[in-house]
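Participant: Line by line, the protein sequences give chains A, B and C.
The first sequence maps to residues 1 to 205 in the working numbering.
The second sequence maps to residues 206 to 373 in the working numbering.
The third sequence maps to residues 374 to 553 in the working numbering.
Each statement offered as a hint is correct.
Each computed EDC-like pair below joins lysine to aspartate or glutamate, with the alpha-carbon atoms no more than 20 Å apart:
hint	chain 1	residue 1	chain 2	residue 2
1	C	LYS402	B	GLU301
2	C	LYS402	C	GLU550
3	C	LYS402	B	ASP212
The hints are simulated quantities; they were obtained by calculation from the structure and are not laboratory data.
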Amino acid sequence: MNAPRALGWAAIVLGAAAAFAGSPYRDNPPPRAQGERADDATAPLPAVSATQLAEWIRGRQPGLRIIDLRSTDAFEAYRIPRARRQDPDSPDRIAVSDRDLLVLVSADGRIPAQTVIHLRNIGAREIHVLRNGLRGWLEEVINPVLAAGASAESRQRFEARAELSRYFGGQPRIGAPADPSAAESAPATDDVDASIAHLRRRGCG
Amino acid sequence: MRRTYADPYLAGVALGLVLLASFVLSGRGLGASGAFASASASVAAAVDTEAVSANAYFARYLADGGFGSDWLVFELLGVMIGAAVSALVSGRWRAEVERGPRLGIRARLAWAFGGGTLMGAGAMLARGCTSGQALSGGAVLSVGSWVFMLSLFASAYLVAPLLRRLWR
Amino acid sequence: MTATLGIALLIGVAFGVTLEQAGLGRARKLVGQFYGTDFCVFKVMFSAILTTLLGSFWLARLGLVDLTGFYVPETFLLPQFVGGLVFGVGFVLAGLCPGTSCVAAASGRLDGLAVMGGLFVGIGSCGLLFDRLQPLRASTAYGTLTLPQLFELPYGVVVLLVVAVALLAFRLLARFERPA
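Given the sequences, and given the hints that come with them, work out the whole structure.
Facilitator: As structure tokens, then:
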């Protein structure tokens, strides 16, 4: 048997074994919701920070499903990587399994109660809501700002977040936002476009 | 002095091991077109610094220190060293213009330059070339890299019969 | 020179040697794939992809490397599709791609040098037109999206599928190859 043929068989064996070998990603179990399964279906959902969600996406958290409840237009304009859109007015079209780790995304972090009730009824166990919604994502992950006179310690913490931010094409900045009131208002579409335009350059082009 | 080329499958496995080493040692795959982008950014900056710092595409390449400290530039420099040594050792180094039997030297160089320009434009839009996207991105199963790979080969196979004159 | 750049240089040397030894520094050998005479490019490229794919899967599965540390190029569907179409035409005209043009130039082929010049001009002029091109270049962004995520299949199953398709293609190519 010549060498290329032997390598071909090796590829078949390793490939076939790979299909049954499970996930190649390291386990990074999500923190379980406090108090476990609340019996009250309307109990508030545990919130997850945008940074935590970003870590889950980057770490390919198994079972992670990001459900975006915003309008189609808003979703088309900008979406969190891996997010799927879902109309909050027809939650019955959402299909989940009890192993899914759901993260609900709205514009501001508020989720309609009927969506939550429906998700719990169809067996979703891990339901989280993205804190401050898409605005939180843009402020924390895409455009994090470190105050100009920050201490060395917070500067160090910021570096970790900045690295995460660049992974998602964000623009971490040091220094106060130019206009403090601008940071409060919902980000304009232009900001969103600018954010995705500056993707981290590690690739070939 | 061996003049015949290596078995393509064995060469491919060797290339795969190089790519794997690149991922393990530097966390990134191989590339080529990015080095050209870095070079053009540095040249543009030498001509007109102000205009280039206003250009977001070039500015990113200059932000990391420019041409002299770019990972891909050093990698591509290594490619040229490795290829030259390999060609010399195997007795294949020869100054010539590779061309189809029906093409003159000048025409071949002109088409080569034109082809390079188009590939440059394609690589700029796609954020990578055959090395960075198709090979490296393909091996880590990036959807965009596979889209690029399929559309590049589809387009090449579609136009190749029309350009037969260049090569046959 | 920092250690990172030293590693870059070494990896580049190994890259250059394997490409040259495979014969991928010669335009006429490369274009053989488009005229059915020599599928060397496909064989080299896909054996490399399979090697890296299987190598990275098993190294990660055995806990020796962290797969999330591997840079996955972000997906921009439309520009990558359009870029591929443009790139493909250039590939047939040049007979070399960016990496192999450097191999060709370094082994004395002047056409490789011409391709390198074209690449420099092509990327440079697109850089100058950045403001015009960026709306397309940044459109249809999906972030880091992998085939396992897209098809909602386990990573290992996608690995097996890619291996199976590539090996099948190797067999078929051997049948269609008509050496000139």
